[in-house]
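Put chain B on the given structure of chain A with help from the hints.
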Amino acid sequence: MGLLSDPSISTQSKLVDGLARHVRKVCYALYVAGVAWFFCLALPEFNHGTYLSENALSPGLVYPEIRIDANRLAIQLLEELQRERKDHLSTTPHAWIAAKMNEFGLETHTHNYTLRYPFGGGKEYHGKNIYGILRAPRIASTEGIVFAAPYRAASSVHTDISASVPLLLAFADFARRKNYWAKDLIFLITEQEQLGMQAWLEAYHDGDRELDLSKAYLRPGNLPARAGSLQAALNIEVQDLEIDHVDVRIEGLNGKLPNLDMFNLVQRIMAREGIASGYKQAPRKKRRHSQSHFEQNFRQMLTMLASQSSGVPTGNHGLFHRYRIDALTIAANRRATHATLKGSPGSAAVPLLKAIEGIARSLNNLLERFHQSFFFYVIVSNDRYISIGDYMPALVALVACAFLKAYLTWSTLPATNAELEKAAGWLREHEQEAELEENLEPDKFELPYGSVLIYLTATLLIGFLCNVLPLQQYFLEIPMGAAPLTTSVLSFLSLIGFVLPFVVVLPPGGLELLHVAFLLIYGCALIVIGLLNFALGLFAAVLTVPLVIALETKEENSRSTLRNTIRLATLVMNPMMVVYVIVLAMTFYQFPELPVQKIMLRAATAAMDASAYGLIDSVIYGNWLYFVICTIFLPLWIICWTLSLSKRRDYADYLDFDESPSTSPQPQSKVKTN
Amino acid sequence: MDSKFFKLLLLGGAVRFYFCRTPLAPMIGNRVEFATPLNSHKRMQEGIFLLQSGIDPYLGDLVHESPLILSALSGLFQKYPQFLPIFYIILDICTAALLYAMSLRFVKQKQDQQDKERKEYAKDTEELQFGPLDKLDIPELVIVAYLFSPLTVMSCIGMTSTVISNLFLAFFFYCLVKGMLIPCLLVLAFETVRSFYPIVLIAPLLLVFSRNSVRRGVAIAALFIVSCLIVAVANYFVLNSWNFLDGTLGFIFYFRDLQPNIGLFWYFFTEMFEHFRTMFLITFQLNATVLYLVPLSIKLRKEPLLLATVLVALMAVFRAYPSLGDVGFYLALLPLWKRCWKFMAHGFVVFTFFLVTLSMMGALWHLWIYAGSANANFYFGATLAFSTGQIFLITDLLFAHVKREFCLFNGQKILIDGEEARIVLK
Chain A
1 MGLLSDPSIS
11 TQSKLVDGLA
21 RHVRKVCYAL
31 YVAGVAWFFC
41 LALPEFNHGT
51 YLSENALSPG
61 LVYPEIRIDA
71 NRLAIQLLEE
81 LQRERKDHLS
91 TTPHAWIAAK
101 MNEFGLETHT
111 HNYTLRYPFG
121 GGKEYHGKNI
131 YGILRAPRIA
141 STEGIVFAAP
151 YRAASSVHTD
161 ISASVPLLLA
171 FADFARRKNY
181 WAKDLIFLIT
191 EQEQLGMQAW
201 LEAYHDGDRE
211 LDLSKAYLRP
221 GNLPARAGSL
231 QAALNIEVQD
241 LEIDHVDVRI
251 EGLNGKLPNL
261 DMFNLVQRIM
271 AREGIASGYK
281 QAPRKKRRHS
291 QSHFEQNFRQ
301 MLTMLASQSS
311 GVPTGNHGLF
321 HRYRIDALTI
331 AANRRATHAT
341 LKGSPGSAAV
351 PLLKAIEGIA
361 RSLNNLLERF
371 HQSFFFYVIV
381 SNDRYISIGD
391 YMPALVALVA
401 CAFLKAYLTW
411 STLPATNAEL
421 EKAAGWLREH
431 EQEAELEENL
441 EPDKFELPYG
451 SVLIYLTATL
461 LIGFLCNVLP
471 LQQYFLEIPM
481 GAAPLTTSVL
491 SFLSLIGFVL
501 PFVVVLPPGG
511 LELLHVAFLL
521 IYGCALIVIG
531 LLNFALGLFA
541 AVLTVPLVIA
551 LETKEENSRS
561 TLRNTIRLAT
571 LVMNPMMVVY
581 VIVLAMTFYQ
591 FPELPVQKIM
601 LRAATAAMDA
611 SAYGLIDSVI
621 YGNWLYFVIC
631 TIFLPLWIIC
641 WTLSLSKRRD
651 YADYLDFDES
661 PSTSPQPQSK
671 VKTN
Chain B
1 MDSKFFKLLL
11 LGGAVRFYFC
21 RTPLAPMIGN
31 RVEFATPLNS
41 HKRMQEGIFL
51 LQSGIDPYLG
61 DLVHESPLIL
71 SALSGLFQKY
81 PQFLPIFYII
91 LDICTAALLY
101 AMSLRFVKQK
111 QDQQDKERKE
121 YAKDTEELQF
131 GPLDKLDIPE
141 LVIVAYLFSP
151 LTVMSCIGMT
161 STVISNLFLA
171 FFFYCLVKGM
181 LIPCLLVLAF
191 ETVRSFYPIV
201 LIAPLLLVFS
211 RNSVRRGVAI
221 AALFIVSCLI
231 VAVANYFVLN
241 SWNFLDGTLG
251 FIFYFRDLQP
261 NIGLFWYFFT
271 EMFEHFRTMF
281 LITFQLNATV
291 LYLVPLSIKL
301 RKEPLLLATV
311 LVALMAVFRA
321 YPSLGDVGFY
331 LALLPLWKRC
341 WKFMAHGFVV
351 FTFFLVTLSM
361 MGALWHLWIY
371 AGSANANFYF
381 GATLAFSTGQ
391 IFLITDLLFA
401 HVKREFCLFN
411 GQKILIDGEE
421 ARIVLK
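Taken in sequence, the protein lines are chains A and B.
Just so you know, the first sequence maps onto residues 1 to 674 in my numbering.
Just so you know, the second sequence maps onto residues 1 to 426 in my numbering.
Okay, chain A solo, but in the shape it has when bound (with noise of 0.2 Å):
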């Protein structure tokens, strides 16, 4: 009861006070817990074994039927697609697919649809899915299933997969001749990468509505037929019909996944076809066994959170995820020696056709959505997951620092202008009127609630144009592409951002109240975002957190060093910097034979492209980095460079220190804009 009815008359807590002597203590304390925590996570004593929580599943109940014809037929359809990609190079066969799909039986229909790429004058792309639907006997097409493959031209730069057509057909043409489907099951071929499936998918659920047509980059266009509400999806990318392993990809858009369910209904029917399985499996002469069984799972962990934190989906199947359809791919990884075959070149195939129809049999046994198991989950080995009660802890403790620092910094906030002067060590200078004042009754110090708050609003504002601005019709008439585009609109509302502090100086006690509201909106944000996308929250709390908990405005207890230590942090952790030098890591990383300078453009233009990737990926597939970034985390970094700062409206009093932060940052903000 003494929480709600403290029974003291004054308010001044003496826990309060002591604690606000220690915030930073107490701060990195909490900190440190968070991370501790997190890396405890990879212990088995701290994750799960996965297990199939819903039961209509029933992996492996039935046993497969589908033989070595259908192996057969994949490989010969192999052979002819291969003949046809010699006449279409830069295209998909599309007539050859259709005439396929139509010859086994399917209601076969295309799918036209159009990009209008708005940078650079604005061009137009036009794109084209087929797909065959197999009517369910059983049922009158209220449910469906989608086994989808993504076509590659054979002038693509990415990896061929275009195994994974033949194989869906094959497999398309075992399941035409059974009675036992409960759920429509749609094979659709798509072109394009992603967009060919996210036009798909926005035709197939809001293909009759109305478009925006001044605002529609993507224009999906609608579907001739449909097979009911999608249940689940299953991406297949096969990179030849004799494969080593099966990587099953999960994340998917903004950091979702699909239900562990279905992840662990894959396993199990890989395991069961003796297919070599798992999430990111790599192949097996690459596998480490040096490793320890902490370090194994910790770095699993951690590229699971770090592919999941960009929220770029690693699969078609993750655009699934928007519409709350659980979708994942298996993507097989051709086998690299063909000497060490064990069994005949004929029958290469039938685990993964068998694996195949596994899992259509299954999620065929569905009676509703997926909702058993767990959608928040990170994967630390094959078998083992984290689950969401168990990992929040660690974002908790992180965020619980800026909560905790807002209340003790609001405790201590200066109520008297006398507090205030002592707060911003004037108190030297002005002793002798500080001693005729305190005859005075102490006068009442009123916050500046409006000016704070106005100040709030226009970083708000400059993060809302970074959103705004670089799609706006005067600037993407510029013959300019989308790039440079982007990333000058962003360096100049940033720097906008960065002189914002030395034009606007905030009234006595402003300071102070702007850093309290900075650490609740930093606190909300973070909370949020992790909630939305957890591996995104942690890794911004884990970077950002220390440097809040080191930011102090007050004047007298501060030596200059670690002042201006904070102040060239606070700009490194400027977003722009920060994805800049995400950029240049992942550049050393891949080509670390250049020669320094040579890195450091290579990613200045990477980073440049990233961020009009970024823009683009927000607009077309949703995704939300962009936004976060431009509109949560730019005006966050504005108040934290401003209160690193702590521009006084009287500052005369010291010049000294007004020289010091100006003269720094400058070699630091070119970097920045180049």
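Since the hints were made in silico from the structure, they are not lab data.
Note that CB positions come from ideal geometry on N, CA and C, so glycine has one too.
Among these hints, one or two may not hold up.
[Unchecked claim] Some chain A residues flagged as far from chain B (calculated, every beta-carbon gap over 12 Å):
(1) 61
(2) 79
(3) 155
(4) 180
(5) 208
(6) 224
(7) 307
(8) 334
(9) 403
(10) 409
(11) 508
(12) 554
(13) 568
(14) 584
(15) 589
[As the list claims (entries may be wrong)] Keeping only pairs whose Cα atoms sit at most 25 Å apart, straight-line, the calculated DSS-like set for lysine-lysine is:
(16) 342(B) with 14(A)
(17) 14(A) with 123(A)
(18) 178(B) with 299(B)
(19) 413(B) with 14(A)
(20) 135(B) with 338(B)
(21) 342(B) with 7(B)
What follows is chain B alone, placed relative to chain A:
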């Protein structure tokens, strides 16, 4: 009534007008946090359409607005639908103006009361007393808190009928402070027949108007019942049927619509076994109405307006279909108790609670309904935390009031054996 007051009103109207033209407005109108089955604009439209077509709106399970409101607004809805946002904005501004007038009067009453009691006050309690500046400050704070609170702004641009309820409640408060018995009774009776829970506000009304005489109290209570009956009969004549009683009051009492909202009912009644339903219905409704009524009325018999504030706040927490517009209304009343703020220890914590839970609600709703990955438990967790925050606030206000009363007469610095004294509640 200075120029600043009008400027604020205009600015508040302008903010609402700006937002109701953005795509935010239709989005808010569909958010469960603002639009509940009781107050949603869509249902109001449906009701008016049915009424105009000569069909009893309460035969279905969609319309729960009272017939008088439906028929009063039907002309506007049918003929000038483009002016509806303006109409709601004007209503909201009227609410703000009423609150302003009410708080002016309230501060003046407080100052008069203080002048009489001044001799009994302890020495160092000037900051606990209403000062000369408060006459300007408090009404201004009230109006700012109402006009610029995101909760009321959103509620207004979403065109929820909470705007109308807030107007009636503000009118009730105004009449209560002004001492106008009949309008006060009538508006309370109207709100009671419309949304049931305001019945608890009869307690502050009795405290104000009965002036410690039981006979007067009984007479007023009888008058209240009569005016309730009059309102009900007036409602009856709109449709010539009593169906509306079940459609409005019955719908609230029996909690028929389990659509999620920020309250505590929906999750509980979704999870519960059907044969316990009656018992828990009674328990929950008792909790929302009479459970706190008697003890609070006894404790706060000298401060009827604080009692009314607390009751409105409790109503917003515990009612069957609460919306954020209700929360915005009682938050705007808090500045009236500015002199208690010194003792409110949890203001910042509550603010943080509100901020975090409200932003989490959006994210969790998205994850639950659109992404399909989270579930009802996540969302309920956020709303539960939000309600907890509100309870913190109400308790804090009550406790601060008790402390202020004590300190006003006994001084702020009480030392017992060299240690600071602590108040013990017995």
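Verification of the hints:
no.: 1; hint: 61; in the structure: holds, 26 Å
no.: 2; hint: 79; in the structure: holds, 42 Å
no.: 3; hint: 155; in the structure: holds, 37 Å
no.: 4; hint: 180; in the structure: holds, 27 Å
no.: 5; hint: 208; in the structure: holds, 20 Å
no.: 6; hint: 224; in the structure: holds, 27 Å
no.: 7; hint: 307; in the structure: holds, 18 Å
no.: 8; hint: 334; in the structure: holds, 34 Å
no.: 9; hint: 403; in the structure: violated, 6 Å
no.: 10; hint: 409; in the structure: violated, 10 Å
no.: 11; hint: 508; in the structure: holds, 20 Å
no.: 12; hint: 554; in the structure: holds, 19 Å
no.: 13; hint: 568; in the structure: holds, 31 Å
no.: 14; hint: 584; in the structure: holds, 32 Å
no.: 15; hint: 589; in the structure: holds, 32 Å
no.: 16; hint: 342(B) with 14(A); in the structure: holds, 17 Å
no.: 17; hint: 14(A) with 123(A); in the structure: violated, 67 Å
no.: 18; hint: 178(B) with 299(B); in the structure: holds, 23 Å
no.: 19; hint: 413(B) with 14(A); in the structure: holds, 16 Å
no.: 20; hint: 135(B) with 338(B); in the structure: holds, 12 Å
no.: 21; hint: 342(B) with 7(B); in the structure: violated, 30 Å
Violated hints for the displayed structure, listed by number in ascending order: 9, 10, 17 and 21.
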